[in-house]
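*Asks:* Chain residues, written in single-letter form:
Protein chains: 4
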Amino acid sequence: MTLSSSTSAWATLGRPLRLGVIGGGPGSFIGPIHRSAAVLDQRFVILAGVLSSDPARSASHGVALGLDASRAYATVEQMIATEGLRGTGDRIEAVAVMTPNDRHYDDCTLALQAGLHVICDKPLVNTLSQARRLVELVEQTQLAFCLTHNYSGYPMVRQARAMVESGLLGDIRIVQAEYFQGGMALPVEAGELTAKLRWKLDPERSGASLVMGDIGTHAHHLATYVCGSRVARVSADVGAVVPARVFDDYAGILWRFEDGARGSCMVTQAAAGAENNVRIRVHGAKGMLEWQHQEPNYLRYAPLGDSVQILGRGDARLHPVAQRASRIARGHPEGFRESFANLYADFAEAIAARITGMTPDPLHAWSPSVHDGLRGLEFVDAVLASSRNGGAWTACKATS
Amino acid sequence: MTLSSSTSAWATLGRPLRLGVIGGGPGSFIGPIHRSAAVLDQRFVILAGVLSSDPARSASHGVALGLDASRAYATVEQMIATEGLRGTGDRIEAVAVMTPNDRHYDDCTLALQAGLHVICDKPLVNTLSQARRLVELVEQTQLAFCLTHNYSGYPMVRQARAMVESGLLGDIRIVQAEYFQGGMALPVEAGELTAKLRWKLDPERSGASLVMGDIGTHAHHLATYVCGSRVARVSADVGAVVPARVFDDYAGILWRFEDGARGSCMVTQAAAGAENNVRIRVHGAKGMLEWQHQEPNYLRYAPLGDSVQILGRGDARLHPVAQRASRIARGHPEGFRESFANLYADFAEAIAARITGMTPDPLHAWSPSVHDGLRGLEFVDAVLASSRNGGAWTACKATS
Amino acid sequence: MTLSSSTSAWATLGRPLRLGVIGGGPGSFIGPIHRSAAVLDQRFVILAGVLSSDPARSASHGVALGLDASRAYATVEQMIATEGLRGTGDRIEAVAVMTPNDRHYDDCTLALQAGLHVICDKPLVNTLSQARRLVELVEQTQLAFCLTHNYSGYPMVRQARAMVESGLLGDIRIVQAEYFQGGMALPVEAGELTAKLRWKLDPERSGASLVMGDIGTHAHHLATYVCGSRVARVSADVGAVVPARVFDDYAGILWRFEDGARGSCMVTQAAAGAENNVRIRVHGAKGMLEWQHQEPNYLRYAPLGDSVQILGRGDARLHPVAQRASRIARGHPEGFRESFANLYADFAEAIAARITGMTPDPLHAWSPSVHDGLRGLEFVDAVLASSRNGGAWTACKATS
Amino acid sequence: MTLSSSTSAWATLGRPLRLGVIGGGPGSFIGPIHRSAAVLDQRFVILAGVLSSDPARSASHGVALGLDASRAYATVEQMIATEGLRGTGDRIEAVAVMTPNDRHYDDCTLALQAGLHVICDKPLVNTLSQARRLVELVEQTQLAFCLTHNYSGYPMVRQARAMVESGLLGDIRIVQAEYFQGGMALPVEAGELTAKLRWKLDPERSGASLVMGDIGTHAHHLATYVCGSRVARVSADVGAVVPARVFDDYAGILWRFEDGARGSCMVTQAAAGAENNVRIRVHGAKGMLEWQHQEPNYLRYAPLGDSVQILGRGDARLHPVAQRASRIARGHPEGFRESFANLYADFAEAIAARITGMTPDPLHAWSPSVHDGLRGLEFVDAVLASSRNGGAWTACKATS
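So the protein lines, in turn, are chains A, B, C and D. Going by this note's numbering, the final residue of the first sequence carries number 400, and the count climbs one at a time with no gaps. Going by this note's numbering, the final residue of the second sequence carries number 400, and the count climbs one at a time with no gaps. Going by this note's numbering, the final residue of the third sequence carries number 400, and the count climbs one at a time with no gaps. Going by this note's numbering, the final residue of the fourth sequence carries number 400, and the count climbs one at a time with no gaps.
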């Protein structure tokens with residue numbers, strides 16, 4: 001574990017980055033998380049925003065959140081155009097997109113075309129073809145693009161990745177990921193719909209498979225992130241466990257990784273009694289790692305033939321990337337908010353590196369990108385194809 | 001939960017049952033467990049035995065275990081013949097079979113044909129056709145036949161079954177079973193083989209798939225026991241995760257139950273860092289139940305929209321079958337040994353009911369039988385067929 | 001649990017409160033927590049500050065933290081004088097004091113005398129007489145005064161208090177509080193001292209008993225907060241468990257509450273292997289509650305004769321004060337930072353109520369005040385007196 | 001950890017020891033535990049018994065438990081006299097005493113005087129003077145005497161002791177023991193009394209302080225066993241937390257060990273919501289150990305400055321005494337019954353050593369003796385004296 005921090009581009013830049021937010025207005029769960037995460041380490045300052053798809057309300061929401069009235073915009077187009085008229089030391093440099101899934105593609109595209117760096121909530125977009133076009137645009141513009149698969153922002157998840165990468169577990173043999181939620185255990189679609197449910201339950205807006213877009217992509221990213229390898233193929237069973245439901249609320253997936261590991265990925269939003277149970281367990285030739293969201297500050301490590309170890313956030317012996325992602329002393333719990341803030345800290349470094357022409361500090365280089373988003377959509381595609389095809393093993397590759 | 005104890009046939013009989021043991025000699029892990037479980041409640045007395053497949057050693061092992069020299073037999077055939085010459089109030093009434101898997105069929109057949117009740121270690125036998133013939137023989141002889149899928153002997157597993165049966169969880173939607181062991185994480189087959197490993201690693205003796213026979217049948221029984229329903233079909237991936245291994249050490253299984261529930265069954269003997277992790281989790285329309293072997297005295301129950309509850313063994317509010325299966329006060333842990341003893345207590349009741357012509361006490365009727373053994377083999381067969389067939393969904397029914 | 005939110009004074013005021021910070025500069029653990037907690041809900045905006053006791057560095061530190069250079073002051077006196085020259089809609093309205101303990105009295109006094117509301121880190125001050133004078137000043141000025149015993153900011157601690165208050169547990173019989181840290185397990189005083197250690201290890205600055213001021217007051221407040229009653233008397237053993245140490249690193253305390261409850265309070269900073277273990281357990285006539293800092297999002301409740309319940313943060317059935325203190329959905333962990341932010345949210349309401357002349361929203365009225373600080377010092381005094389006096393039971397009252 | 005098994009006296013003797021039981025008849029909780037523990041490893045065979053203080057019922061109870069009618073005795077005197085008439089190869093060699101506390105002294109005395117080895121339930125006797133006389137008698141007769149403080153029979157408690165003894169934790173600084181039960185949380189004394197409650201609630205029979213005799217002695221023994229040192233003095237608060245109760249149900253104790261360690265011992269039988277919570281935590285200069293009865297197969301070890309380790313029963317790296325005390329593979333739980341059986345196995349070795357004139361196998365020498373019983377009573381005496389004396393520190397030594 002010899003990785004150490006080189007000069008930080010962000011520190012060299014010496015100032016917070018100027019951010020505009022798109023989405024996350026009143027009623028949003030994720031909006032306040034993004035905003036507090038962005039400013040937690042003072043690496044960003046939020047100066048502009050489009051807080052609603054309703055232009056009339058967008059401006060008032062922005063002002064309510066503390067934006068200057070002149071920068072609480074009605075539309076993304078207006079924000080991009082107007083900010084572009086400001087001086088280079090004043091205009092926003094990046095946007096954070098937290099709109100419903102079907103808006104991601106357009107919002108990100110507009111931003112990238114305007115030369116803005118992008119941080120985008122997951123899932124990246126709704127279709128594989130959109131994902132591919134976005135990857136192309138990112139490569140073409142050479143702008144920074146960060147995807148908020150926030151579980152990879154937890155220090156102990158990063159420690160897990162570091163331990164796998166170091167070879168401590170030997171070859172990885174079995175990988176189990178799980179994401180169980182209970183929010184759809186009742187037939188919520190039969191009741192009055194909130195604004196959030198309205199878009200979530202509309203496949204045009206939330207994508208081909210609600211459960212796969214919402215949490216299947218999270219479980220997939222978490223597993224590939226920790227293992228440092230890709231899912232090669234899947235055998236899956238996707239559908240609804242709640243009677244009469246017309247959208248997917250469950251996916252059972254067997255997978256094989258490109259390095260030969262096997263295992264399962266189980267996700268559902270209809271598990272009565274579950275709260276928000278995200279888990280990852282990895283068995284290698286030499287030992288096991290296990291992390292779960294309900295005890296995020298700890299990582300369970302069981303070396304072959306030795307006692308189980310409980311590694312704790314804040315321990316000075318952790319990998320530097322895990323240490324960097326921790327702010328307060330061991331034993332003082334951190335949580336969900338800080339997992340996002342760790343991604344934002346990485347993202348600030350990525351942007352600052354582009355601005356300064358420096359190489360990003362390697363301690364800030366472990367965050368998900370547009371490529372992870374593309375792989376997530378390839379995974380969803382393969383899972384759905386396998387399920388339609390009676391569980392046949394299906395490769396996770398772009399169907400051209 | 002109104003089930004209550006009727007008159008106990010065993011109490012009416014008023015004496016311990018006379019048992020002979022087959023297998024479980026020196027070096028056996030399970031032999032001492034069977035023997036101490038049989039006598040724990042003084043419902044059996046062990047009077048005879050065949051302790052080794054080596055006739056010369058069998059007798060001496062039997063004597064070493066405390067058997068009278070005249071009843072420490074060289075072979076099963078000898079035991080059956082000689083015991084038959086004893087008076088009806090003296091000869092053994094039942095046998096407990098704990099030989100290697102490939103011996104189960106012959107040992108059980110001999111015993112049943114001699115009019116002896118049988119308790120048999122799992123898996124029942126090695127092939128579906130043997131299983132069917134044994135079921136026929138049991139039905140024909142009307143003798144008691146108990147299979148030691150001992151996880152169903154744990155009080156809190158019985159409580160789980162009672163709660164599902166009572167409708168407390170509503171319709172079952174997702175069932176997850178898991179059995180992870182680490183004993184085969186290293187390539188033990190490349191080293192010197194113990195006697196136990198020699199038969200385990202010989203497919204002629206341990207069955208078509210080691211992992212499925214050893215622990216896959218346990219996971220299957222546990223899930224069907226708790227849910228009170230059968231597995232209808234499976235999509236599976238079976239093989240070896242340890243390189244160069246020629247026998248199965250891993251199975252990933254997606255399943256559908258006859259009542260529509262979905263889920264997964266994950267088993268392996270090659271999980272470095274695992275000890276003996278058996279878990280069952282069941283999500284119904286109204287809540288969740290979770291039990292794991294490492295905390296066997298507790299059952300986690302998460303009702304939809306309410307606080308999680310931790311039910312504890314020994315609680316006076318548990319279902320009578322769960323209470324019956326507990327011997328000591330709440331907070332004093334019981335374990336593996338008592339799970340076997342609970343099966344033996346049930347089995348004593350079943351035998352006594354045959355002897356007395358009574359109806360067995362319903363508090364002792366929740367134990368696995370030869371039919372569970374047959375269903376286990378049907379499950380193994382379907383899992384292996386699905387895996388060979390690229391994960392295609394395969395029905396769990398007898399292939400005639 | 002019928003308490004509901006009345007009109008919020010802070011919402012009526014309709015703007016963030018203007019805050020100055022005193023202390024918490026570079027190297028401080030608690031400074032960043034205070035600052036991010038203050039702004040998390042946008043109820044405060046930090047506009048001024050004194051970031052070091054070294055006037056020369058204070059200003060530069062303030063600017064580094066993002067303060068306007070004109071409001072990054074060299075001294076508290078300067079901040080108060082200069083801010084007082086600003087317009088009433090511009091000057092700071094409150095200060096947050098996070099200096100070493102021996103500075104609290106002077107800093108708070110200056111602020112109160114200048115008409116500023118005060119939020120102060122614990123322990124309140126170093127001596128009982130200072131505490132009494134501060135209480136008098138607060139009562140005289142009628143300014144808001146909040147003390148950051150932050151464990152009372154955790155939602156599940158508030159839920160515990162609400163459950164005790166509601167009578168759910170019946171009369172409280174046994175109260176156990178514990179705070180174990182490991183930071184002083186090694187003889188750190190023999191090595192090179194950090195700035196923080198320098199003032200901590202100087203009794204003139206950190207108070208008569210380091211362990212009691214640092215964490216004994218936390219444990220005392222947590223217990224009295226949850227139980228809603230005071231400690232009447234104590235029998236204690238205070239000293240150093242690390243050889244040759246000249247300051248207190250351990251206190252074992254037996255206590256009796258004014259309502260008759262007994263129990264223990266165990267605190268140490270020299271527990272090798274502890275991280276930051278804060279626990280509270282309360283047994284009443286009808287049941288038990290237990291909370292520990294390492295699983296802050298859960299509360300264990302064991303009703304007499306019923307199953308244990310695990311209550312979770314974010315549950316819609318919690319007491320309104322516990323719900324109010326939670327920002328994100330159940331299953332997404334919150335932590336230490338949010339416990340502080342909950343106090344700051346309460347404090348904003350308290351200040352806004354003074355400004356608007358309204359009654360504070362009762363959902364924001366459960367935060368520690370200057371009176372809790374006084375009681376903490378009375379407790380420390382009694383504990384030290386008892387220990388000096390061979391464990392004799394000693395009343396927790398002001399020694400005039 | 002170099003201790004290894006020498007030749008076992010019991011193995012050399014080559015046969016089970018002949019045991020008589022005194023007490024533990026119908027309705028007894030502990031009787032069945034003693035009897036199944038005695039025979040679990042086939043080191044004892046139970047041949048005689050006195051199963052009730054009512055001579056008429058004693059014989060019938062004995063027969064019901066499977067004793068030969070000729071050896072189901074009416075009284076202890078009768079058993080001793082009649083067994084003495086049997087041949088030396090036939091008569092009982094030892095007795096296990098599990099009568100109410102006030103009977104221990106007489107029963108043990110009679111047995112010792114008759115040349116029988118004794119295993120006795122705790123507490124040893126009811127008064128210090130009885131304890132001293134019993135110690136003298138044991139020393140004089142040179143018979144084996146074992147006391148069933150069964151928590152010391154748990155493998156992971158033995159592992160804890162071995163780790164402390166090896167110096168792995170460094171000097172012990174803080175010791176916390178706790179035993180919380182809920183059985184007396186309700187005013188059971190106001191209802192109809194069971195036979196067990198009748199003698200427990202009668203101080204003439206259960207001793208000067210119910211809570212101290214029942215569980216205080218357990219907590220004391222567990223702590224001194226793990227630490228390998230004695231309690232030097234105590235400051236205590238003993239009494240009743242249930243209103244109007246006239247016997248002790250609570251004790252809060254601060255203690256100092258002879259090696260300087262401090263800490264607390266908290267015991268109660270009136271903790272609503274507790275089941276049978278026994279815990280021990282030991283902090284040394286180099287780390288911490290923690291064990292609790294609810295997870296008896298695991299031991300938590302937190303080395304200073306390193307990750308927490310969870311040691312598991314069955315691990316091949318444990319101390320030989322801990323390994324010896326484990327019968328089944330890691331991951332298969334053992335419990336309360338086996339903790340007793342481990343004491344009985346040790347006791348068989350102790351008796352066999354006297355019979356054969358050999359030195360006992362050191363792997364069987366870690367069990368409590370009559371001396372531990374004496375120290376337990378000295379502890380109770382000091383605790384009660386301190387409490388009566390306003391918490392004054394009181395030495396744990398024999399008051400002559």
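Since the hints were derived computationally from the structure, they do not count as laboratory data. Warning: the hint list may mix true and false statements.
One copy or any two copies: either way a pair holds, since identical chains are not told apart in the list.
Claimed, not checked - With a Cα cut of at most 25 Å, we get these calculated SDA-like pairs of lysine to any residue:
(1) Lys286 <-> Ser369
(2) Lys196 <-> Leu67
(3) Lys196 <-> Ala329
(4) Lys286 <-> Asp315
(5) Lys286 <-> Thr75
(6) Lys286 <-> Glu165
(7) Lys286 <-> Val246
(8) Lys196 <-> Ala232
*Asks:* Against this structure, judge whether each hint is valid.
*Replies:* Hints versus structure:
1. Lys286 <-> Ser369: For Lys286 and Ser369, the Cα distance exceeds 25 Å both inside one copy (30 Å) and across copies (39 Å).
2. Lys196 <-> Leu67: within (24 Å within a copy, 38 Å between copies)
3. Lys196 <-> Ala329: between (37 Å within a copy, 14 Å between copies)
4. Lys286 <-> Asp315: Both: 23 Å inside a copy, 16 Å across copies.
5. Lys286 <-> Thr75: This pair counts as neither: shortest intra-copy Cα distance 54 Å, inter-copy 43 Å.
6. Lys286 <-> Glu165: within (13 Å within a copy, 31 Å between copies)
7. Lys286 <-> Val246: Classified as between; 20 Å across copies, 44 Å inside a copy.
8. Lys196 <-> Ala232: neither (33 Å within a copy, 37 Å between copies)
Violation of the numbered hints given earlier is confined to hints 1, 5, 8; the remaining hints are satisfied by the structure.
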